[in-house]
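Trainee: This is what each chain is made of:
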Amino acid sequence: MAELRMVQAVNRALAEALAEDPTVILLGEDIGAAGGPFGATRGLQEKFGPDRVRDTPISEAGIVGAAVGAALSGLKPVAEIMFMDFITLAMDALVNQAAKARFMFGGQRGVPMVLRTPHGGGLSAGPQHSQCLEAWFCHIPGLKVVCPATPADAHALLRAAIADPDPVVVVENKALYAMKGEVEDAPAPLPIGRARIARPGRDATIVAYGAAVHWATEAATALAQDGIEAEVIDLRSLQPWDEATVLDSLSRTHHLVIAQEAVEAFGVGAEIAARMADIGFDELDGPILRVGAPFTPVPFAKELERAYRPDAARIAAAVRRTLD
Amino acid sequence: MSDPIALFRMMLTIREAELALARLFADGEVPGFIHLSVGQEAVAAGVCAALGPQDSVASTHRGHGHALARGMALEGFFAEVMAKSTGLCGGRGGSMHVADLKRGMLGANGIVGAGPPIALGAALAHRTRGTDGVAVAFFGDGALAEGTMHETLNMAAIWRLPLLLVCENNGWAEFSRSDTQVAVNLPAWTAAYGVPHVEVDGNDVQAVATAAADAVAGLRRGEGPRVIEARTHRWRGHYEGDPQRYRDPEEASRMAEHDPIARARAAMIAAGAAAATLDAAEAEARDAVAAAIAAARAAPPADWMAALNGVYAPAEV
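Protein chains in written order, with the working numbering: chain A, 25 to 348; chain B, 86 to 402.
Hints should not be assumed to be uniformly reliable.
Unchecked claim - Sample of chain A residues at the chain B side, in silico, Cβ under 8 Å:
hint : residue
1    : A85
2    : G86
3    : V92
4    : G93
5    : A94
6    : L96
7    : G98
8    : L99
9    : M128
10   : Q132
11   : G134
12   : G166
13   : A187
14   : D302
Think of the hints as simulated: they come from the structure by calculation, not from any bench. In this text, a Cβ means the ideal position worked out from N, Cα and C, and glycines have one as well.
Construct all of the structure, not just a fragment, from the sequences and the given hints.
Mentor: Here it is in structure tokens:
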């Protein structure tokens, strides 16, 4: 057992995969000599060499396209896109190539690649370095999407993503990179698609992922002071997502709030709400409520970004509203 | 010099297959969009003749010739384009996605400029795995306007990867003259990245095969990427059914003069080949195509349950 920051847990998962499997390579901008903009790949090029931990030019379409070609040709590439906002430049490679190859080639081969990328605000990084775009990828058949909330999950989900025979987008919340947590020395493999109950409760269910898990837990702590016991579910995996665990919780609490850092409209929460309004309809004793960002770009100014980002108070208010 | 009869046979197979597709398309037996490479067969046949089984090819929307020249079987090819369950891609891809991964054929591609980065990755895989394999990306002259072309050539150049980019320069970017779309010519483009460029007569299959063999040998020696520009002609429209209102009918009437198959035949006759041998090769190509079409017609339609379950790898139990 070691206490690691999330970024160190990512680094450890990458180092383990590189050591165990000679077909694993890393590619991305400044991931080698510089160790990555957030330090996620620090020391890996020294240990595994510049061919396996490859610094690329500033060419997102080329990076992800090359990852697709390498994955079709026997490697397991782990590509890093420095900020999730930059993925717009690589959409063809991810959406039209990686996601579809297994299907459109009749199952001849899959694309066992990973795309790691940080999302999220809170750093005054402005409209083009702060977005949470994960819902786009959840909407694409052929892709898987995970988003860890803890260092242990960042490690385990990245290992699972690298082991997966299909393309997986690993979304890391950059505001959580410095968060510390226990990571077991040899944790059991964590399958993609399993949520965890971050905090048990009987009165309402809060489903969250990424940074919102921590706001939800904070909200649950505040609600407990008023005798409201909210259960917090950390989705961990967004595509596929753990419908059974959410439905089971809803069947016990009969109230559902979904919290996300991303823009609320047309997001992950909308999908969960729609599914639970269908298969969980008989369990509901209140409206399903979503908490997410308003329909604006992420602003730069600290006070604007504070107003923009969801927080524990808004989640707690939503829980009270659905219980009303 | 590459085996002239083998090159001739491959061009015939591609020509017969594509002319058959044109008929099947007109008759409604091939759905969707198809883009034919009639007139450009020498490029596919000549380049692929220089490759071994370990090598990789990424193709374009006009990719039938590349797939067949890479060894994709006619049966799986026709069944795919005719949307049958016995298609090599299960009828889920069709003409724009014919692929034969076991033969290193990484797919035709519906997106202009998408193939070169994929070939770049294949070249990276060959390098990383320590094989002597090389990767080839075919692209059209119109694709040079795509940003991925520049990213690919830049990365291949800085990493000196075993990547051969083959431009099938037919003068057209879909429905527009490519010289109205692209400000740079290939010699200047490649020189800017320090990558060797050769131009060949893309209707002379021996010239293409010789240039490709030379380039591939350089790639295998680790000399870094190469670009071949093969000047050729697109005999038909951008897609089958294209009325080609943008095109001077005069141009079409002149194209047969450049027919790579007729030229190869004349060259072999001049070198002493027996006309009967070449006639027999033509008949064999026709027969093989007819047999593949008959098999595809008899095959069951594409299977919906297989498609529905084919998005991800089967879950491990």
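Trainee: So, for every hint listed, does it hold in this structure?
Mentor: Structure-based check of each hint:
Given the 8 Å rule on beta carbons, the hint for A/A85 holds: about 5 Å separates it from the nearest Cβ of chain B. Because the beta carbon of A/G86 sits about 3 Å from the nearest beta carbon in chain B, less than 8 Å, this interface hint is met. Contact between A/V92 and chain B, as hinted, is supported at the beta carbon level, the nearest pair being about 5 Å apart and thus within 8 Å. Checking A/G93 against chain B: minimum C-beta separation of about 2 Å stays under 8 Å; hint holds.
Given hint, A/A94 at the interface with chain B, holds; its Cβ is 4 Å from that chain's nearest Cβ, closer than 8 Å. For A/L96, the interface hint holds, since its Cβ comes within 8 Å of a Cβ in chain B; the closest pair sits about 5 Å apart. Residue-level restraint check for A/G98 holds (minimum Cβ-Cβ distance to chain B is 5 Å; threshold 8 Å). The beta carbon of A/L99 comes within 5 Å of a beta carbon in chain B, closer than 8 Å, and the hint placing it at the interface holds.
Checking A/M128 against chain B by beta carbon gives a least distance of about 4 Å; that is within 8 Å, so the hint holds. For A/Q132, the interface hint holds, since its Cβ comes within 8 Å of a Cβ in chain B; the closest pair sits about 4 Å apart. Restraint check, A/G134 versus chain B: the minimum CB separation of about 5 Å is within 8 Å; hint holds. Taken as an interface hint, A/G166 checks out: its beta carbon lies about 6 Å from the nearest beta carbon of chain B, inside 8 Å.
Evaluation of the A/A187 hint against chain B yields a violated restraint, the C-beta minimum of about 10 Å exceeding 8 Å. Checking A/D302 against chain B by beta carbon gives a least distance of about 20 Å; that is not within 8 Å, so the hint is violated.
Checked against the numbered hints above, the structure breaks hints 13, 14 and satisfies the rest.
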